[in-house]
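Visitor: Starting from the known structure of chain G, fit chain Z onto it as the hints suggest.
If you read the protein sequences in the order shown, they are chains G and Z. 1 is the number of the first residue of the first sequence in the numbering used here; add one for each residue after it. 1 is the number of the first residue of the second sequence in the numbering used here; add one for each residue after it.
Bear in mind the hints are in silico, worked out from the structure with no lab data behind them. There's no promise every hint is true.
Stated by the list, open to error - Pairwise CB distance ranges, derived in the manner of DEER restraints:
| # | chain 1 | residue 1 | chain 2 | residue 2 | range |
| --- | --- | --- | --- | --- | --- |
| 1 | Z | GLU110 | G | LYS285 | 25 to 35 Å |
| 2 | G | PHE125 | Z | PRO123 | 54 to 64 Å |
| 3 | Z | ASN311 | G | LYS174 | 45 to 55 Å |
What the hints assert, rightly or not - If you only want the chain Z side, here are some residues facing chain G, beta carbon under 8 Å, derived:
| # | residue |
| --- | --- |
| 4 | ALA40 |
| 5 | THR41 |
| 6 | VAL73 |
| 7 | LYS75 |
| 8 | THR109 |
The beta carbon of each residue, even a glycine, is placed where N, CA and C say it ideally should be.
Protein chains: 2
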Amino acid sequence: MKIKYSLLKEEKNTWARSGIIDTNYGSFKTPMFMPVGTLATVKTLTPEELYACNSGIILSNTYHLWLRPGEDVVKKAGGLHKFMNYKGPILTDSGGFQVFSLAKRKDITEEGVKFKSHINGSPLFLTPEKSIEIQNKLDSDIAMSFDECIGYPADYNYAKQSTERTLRWAKRGKVVHNNEKQALFGIVQGGEYEDLRKMSAEETVKIGFDGYSIGGTSVGESKETMYKMIEYSTPYLPKDKVRYLMGVGEPIDIIEGVIRGVDIFDCVLPTRIARHGNAFTHHGKINLRNLKFKEDFSPIENTCDCYTCKNYTKAYIRHLITSGETLGGRLLSIHNIRFLIKLTEDLRKSIENDTILEFREEFLKNYDKKD
Amino acid sequence: MKIKYSLLKEEKNTWARSGIIDTNYGSFKTPMFMPVGTLATVKTLTPEELYACNSGIILSNTYHLWLRPGEDVVKKAGGLHKFMNYKGPILTDSGGFQVFSLAKRKDITEEGVKFKSHINGSPLFLTPEKSIEIQNKLDSDIAMSFDECIGYPADYNYAKQSTERTLRWAKRGKVVHNNEKQALFGIVQGGEYEDLRKMSAEETVKIGFDGYSIGGTSVGESKETMYKMIEYSTPYLPKDKVRYLMGVGEPIDIIEGVIRGVDIFDCVLPTRIARHGNAFTHHGKINLRNLKFKEDFSPIENTCDCYTCKNYTKAYIRHLITSGETLGGRLLSIHNIRFLIKLTEDLRKSIENDTILEFREEFLKNYDKKD
Numbered sequence: 001m002k003i004k005y006s007l008l009k010e011e012k013n014t015w016a017r018s019g020i021i022d023t024n025y026g027s028f029k030t031p032m033f034m035p036v037g038t039l040a041t042v043k044t045l046t047p048e049e050l051y052a053c054n055s056g057i058i059l060s061n062t063y064h065l066w067l068r069p070g071e072d073v074v075k076k077a078g079g080l081h082k083f084m085n086y087k088g089p090i091l092t093d094s095g096g097f098q099v100f101s102l103a104k105r106k107d108i109t110e111e112g113v114k115f116k117s118h119i120n121g122s123p124l125f126l127t128p129e130k131s132i133e134i135q136n137k138l139d140s141d142i143a144m145s146f147d148e149c150i151g152y153p154a155d156y157n158y159a160k161q162s163t164e165r166t167l168r169w170a171k172r173g174k175v176v177h178n179n180e181k182q183a184l185f186g187i188v189q190g191g192e193y194e195d196l197r198k199m200s201a202e203e204t205v206k207i208g209f210d211g212y213s214i215g216g217t218s219v220g221e222s223k224e225t226m227y228k229m230i231e232y233s234t235p236y237l238p239k240d241k242v243r244y245l246m247g248v249g250e251p252i253d254i255i256e257g258v259i260r261g262v263d264i265f266d267c268v269l270p271t272r273i274a275r276h277g278n279a280f281t282h283h284g285k286i287n288l289r290n291l292k293f294k295e296d297f298s299p300i301e302n303t304c305d306c307y308t309c310k311n312y313t314k315a316y317i318r319h320l321i322t323s324g325e326t327l328g329g330r331l332l333s334i335h336n337i338r339f340l341i342k343l344t345e346d347l348r349k350s351i352e353n354d355t356i357l358e359f360r361e362e363f364l365k366n367y368d369k370k371d
Numbered sequence: 001m002k003i004k005y006s007l008l009k010e011e012k013n014t015w016a017r018s019g020i021i022d023t024n025y026g027s028f029k030t031p032m033f034m035p036v037g038t039l040a041t042v043k044t045l046t047p048e049e050l051y052a053c054n055s056g057i058i059l060s061n062t063y064h065l066w067l068r069p070g071e072d073v074v075k076k077a078g079g080l081h082k083f084m085n086y087k088g089p090i091l092t093d094s095g096g097f098q099v100f101s102l103a104k105r106k107d108i109t110e111e112g113v114k115f116k117s118h119i120n121g122s123p124l125f126l127t128p129e130k131s132i133e134i135q136n137k138l139d140s141d142i143a144m145s146f147d148e149c150i151g152y153p154a155d156y157n158y159a160k161q162s163t164e165r166t167l168r169w170a171k172r173g174k175v176v177h178n179n180e181k182q183a184l185f186g187i188v189q190g191g192e193y194e195d196l197r198k199m200s201a202e203e204t205v206k207i208g209f210d211g212y213s214i215g216g217t218s219v220g221e222s223k224e225t226m227y228k229m230i231e232y233s234t235p236y237l238p239k240d241k242v243r244y245l246m247g248v249g250e251p252i253d254i255i256e257g258v259i260r261g262v263d264i265f266d267c268v269l270p271t272r273i274a275r276h277g278n279a280f281t282h283h284g285k286i287n288l289r290n291l292k293f294k295e296d297f298s299p300i301e302n303t304c305d306c307y308t309c310k311n312y313t314k315a316y317i318r319h320l321i322t323s324g325e326t327l328g329g330r331l332l333s334i335h336n337i338r339f340l341i342k343l344t345e346d347l348r349k350s351i352e353n354d355t356i357l358e359f360r361e362e363f364l365k366n367y368d369k370k371d
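With the rest of the complex left out, here is chain G:
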């Protein structure tokens, strides 16, 4: 079967909602944060460590796997789940965002995008059909349509042309998609423009997908603009399909996204900041390199239920990070991923109790009060 989304509860005062997604690799509740396993590995972690964080679903990057090890190797391994030994659901992106973020120069035509490998500069050509073909071979549970991620700010006319082209690409991708066990999501673009977001959402829904994502955020816009981009999109998406905000992982942005009707999120943030010694806390981010933690024999957060907080002190993690020991980034990755997943669990409870606005107020009050 493909994935099945069921709406469980709509919060009374906002667009927030909770739901459940059934997949061939188990079910998970939404809102949910997806850790990113770019190269078929959530950096430094094993699948078991992700399960222990209560991860519902992870994301892996089509562009990166296309280059290394190549989609045919993954297919021969029996698909991405078997290749990386991950027994939960996996979503693959389309490569569109990587073309935007990694390629220094690119040549976008109706046919697709010509650009160069970020590894060795060799010429690459990615089309809607090629992206779907790769994702079919990867055999993820959810595939994404190939889109152009518009930068910010964008010229209105360019944003309009690009958004219309992304719609044509979405249709082409849907035509060639033929994996009965894989869901296919459409992506809403439209830049920062309300009418383009509405048009993109409505036309993408007309094509008909198993879920919808909001793209083109986290590209340099302000938080206010990002929240508007979401508000311009979600009202036109069907209630019985899952909604995914791409590339967003700041705790505050997850809360604001959920309030605006988003179900799932992904971001490299928790693992990336971990490798630089940073940890999420309810009082904001802290950097474990800080000298004040040298003899701090308490966990990152006393209230946290993650493996790291149950077993290690800030002093020890600081020692690992300042000594360049990879266990440090690993322990922080576990904490940060659990922090965001726990946040979505807390958001689900506040949706059930119709108290999400109070939850946001309380969260923000603590988060801004740096210790």
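Guide: Just chain Z, lined up with the frame of chain G:
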């Protein structure tokens, strides 16, 4: 209590023996291989991963912990076990080998060794008393006497003077050692010279320690010379005390060491070669970067019971290693550590059955037959 060694069985045809060591943090059988956790972390791994490898005891480096985070931080944390969350026994070395291997210039006097930090070049002065004081604060289960590691080849007169000084240092260290829960081991030096090894062993035993180690190996000598250094030492060590060969971790050397009466071994080899993509197998070492593993969907060894071999293929590990993903080195570290610990388990069985020479023959036959 301090550690207690009990001899269980002497192999009929060789000097090999099996035993059991009781400590305040549990018991383990010998022969045993000790993984090395230089900076209070066995690189990339958690304690739970080491327990799963059946690790009996790990080693941590006094010199490195002295520099980072400093022995006082570890003491304030409640000792090394609590600091790094390791619930099994821990041995700390004396720093002598690091002075030998890491310091580019050193000034050795009767008092101690002046040298420079390998991190920032700041001047350091390590004495027998200081080494013991640091190890007392680290609160390891087994502390080592401060010694001079003689290089190879060594001038006879220098080796004699150095070995005699190491004996005086051992006495000084014993005088200041005052941790009732920590065992103190003496170290046999003497370079490649039979009479000096015999003298060193006999005089060290006269001082009286809780165990004895054979130092000054793995410093550039041939395997034949290394085995001779062991043969020149073990006959003069008491049967009722544990014997430790320092810095040796090649499978063949562990077998030859056990045959010559050694009980425990340590080496960075399994984790160091892992980070470079290498795995121990019963057919010799393999490098997972090799193109021939690109579509090899079998584990490193079908017969291996480690987490890595039970869950991952060579193709996946190759992908991780060639992509620079740290999970690759982590998975290989688990396999390599388990390989050496399993080897010591197999050696124990062959000691019980008086078949260690047959075991060696069979092992060598396979190990040299590269696939």
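Visitor: Compare the structure with each hint and give your call.
Guide: Status of each hint after checking the structure:
no.	hint	result
1	GLU110(Z) x LYS285(G): 25 to 35 Å	53 Å, violated
2	PHE125(G) x PRO123(Z): 54 to 64 Å	60 Å, holds
3	ASN311(Z) x LYS174(G): 45 to 55 Å	36 Å, violated
4	ALA40	7 Å, holds
5	THR41	5 Å, holds
6	VAL73	6 Å, holds
7	LYS75	10 Å, violated
8	THR109	30 Å, violated
When held up to the earlier numbered hints, the structure conflicts with 1, 3, 7 and 8 and fits the remainder.
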